[in-house]
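Here's the letter readout for the chains.
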Amino acid sequence: DAGVIQSPRHEVTEMGQEVTLRCKPISGHNSLFWYRQTMMRGLELLIYFNNNVPIDDSGMPEDRFSAKMPNASFSTLKIQPSEPRDSAVYFCASSLLTGLNTEAFFGQGTRLTVV
Amino acid sequence: GQQVMQIPQYQHVQEGEDFTTYCNSSTTLSNIQWYKQRPGGHPVFLIQLVKSGEVKKQKRLTFQFGEAKKNSSLHITATQTTDVGTYFCAVLKTSYDKVIFGPGTSLSVIP
Chain Z
1 DAGVIQSPRH EVTEMGQEVT LRCKPISGHN SLFWYRQTMM RGLELLIYFN
51 NNVPIDDSGM PEDRFSAKMP NASFSTLKIQ PSEPRDSAVY FCASSLLTGL
101 NTEAFFGQGT RLTVV
Chain D
1001 GQQVMQIPQY QHVQEGEDFT TYCNSSTTLS NIQWYKQRPG GHPVFLIQLV
1051 KSGEVKKQKR LTFQFGEAKK NSSLHITATQ TTDVGTYFCA VLKTSYDKVI
1101 FGPGTSLSVI P
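Chains as they are written, first to last, in our numbering: chain Z, 1 to 115; chain D, 1001 to 1111.
Be aware that a few hints might be false.
Coverage of chain Z stretches by chain D, computed from C-beta distances (three or more under 8 Å per stretch; other residues unrestricted) [stated by the list, open to error]:
1) 31-43
2) 46-56
3) 101-115
The calculated DSBU-like cross-link candidates involving lysine-lysine, where the alpha carbons are at most 30 Å apart (straight line), are [as the list claims (entries may be wrong)]:
4) Lys1036/D <-> Lys24/Z
5) Lys1036/D <-> Lys78/Z
6) Lys1059/D <-> Lys1070/D
7) Lys24/Z <-> Lys68/Z
8) Lys1056/D <-> Lys1070/D
9) Lys1051/D <-> Lys1036/D
10) Lys1056/D <-> Lys1036/D
11) Lys1036/D <-> Lys68/Z
12) Lys1070/D <-> Lys1057/D
Calculated from the structure, these hints are not laboratory results. C-beta: ideal position from N, C-alpha, C; glycine also.
Turn these sequences into a full structure, and let the hints guide you.
What follows is the structure in structure tokens.
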């Protein structure tokens, strides 16, 4: 398996523009997580899907952020409009939750810079 | 909400010295995981601990889960430059099966 695949790896955009980050989880995994990592705030969980359904989006910072998972093999995280403070590395991770087995497999991340 | 703290935030050691990072929770945990993130990389799963007082070893790394299941430690014996990175503990929030990460301990190894 190729692992969790994220695209793009790097994104530079101007303030106010829409940004869409993409994620393909590991085939067969039933859970998908979006994290944001910054020096100041560390690794923050934004939203969590289980069987394609959003379970907990309490970490989504504002209404400018939205996430979808239309099927088991694809998810997007959208920021509209983007702001400089959204600059961070965004990770997608997937997991096969079975009982207490919760190992998360991370993608390479998308480094977002909003100027 | 469930909070996870890690100490120290940063640690600089001479190559060959030992290193320990500690993870503390305000609540009893069902399990705890440890991840390593190399500079510029992504978090990679190291291990999961489930039982009270559990100790697991991976070569020079020793992981321990506290008796009360509220704390954990990662100990590296005789650090090497390949150990450089940030070590995160992560806990499962059982109400939603989501994994919450601690703030991490950044390890630098001076050759």
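Against the structure, the hints come out as follows:
1. Judged by the Cβ-Cβ criterion of 8 Å, the segment 31-43 of chain Z is covered by chain D as claimed, because 5 of its residues qualify and three suffice.
2. A stretch counts as covered by a chain when three or more of its residues have a beta carbon under 8 Å from one of that chain; for the segment 46-56 of chain Z and chain D the count is 4, and the coverage holds.
3. Proximity of the segment 101-115 of chain Z to chain D, defined as three or more residues with a beta carbon under 8 Å from a beta carbon of that chain, is established by the 9 residues found.
4. A distance of roughly 22 Å separates the Cα atoms of Lys1036/D and Lys24/Z; the hinted pair therefore holds under the 30 Å criterion.
5. For the hint linking Lys1036/D to Lys78/Z, the alpha-carbon distance of about 27 Å falls within 30 Å, and the restraint holds.
6. A threshold of 30 Å between alpha carbons decides the hint, and for Lys1059/D with Lys1070/D the separation of about 25 Å falls inside it, so the pair holds.
7. Proximity of Lys24/Z to Lys68/Z is assessed by CA-CA distance (about 12 Å); at most 30 Å being required, the pair is judged to hold.
8. The hinted pair formed by Lys1056/D and Lys1070/D meets the criterion: a straight-line CA distance of about 17 Å does not exceed 30 Å.
9. For the suggested pair Lys1051/D and Lys1036/D, the alpha carbons sit about 21 Å apart, so the restraint of at most 30 Å is met.
10. With a C-alpha separation of about 16 Å, the suggested pairing of Lys1056/D with Lys1036/D holds against the 30 Å cut-off.
11. Among the hinted pairs, Lys1036/D with Lys68/Z is consistent with the structure: their alpha-carbon atoms are about 28 Å apart, no more than 30 Å.
12. A C-alpha spacing of about 20 Å is found between Lys1070/D and Lys1057/D, which places the hinted pair at or below 30 Å, so the restraint holds.
In summary, the structure agrees with every hint in the numbered list given earlier.
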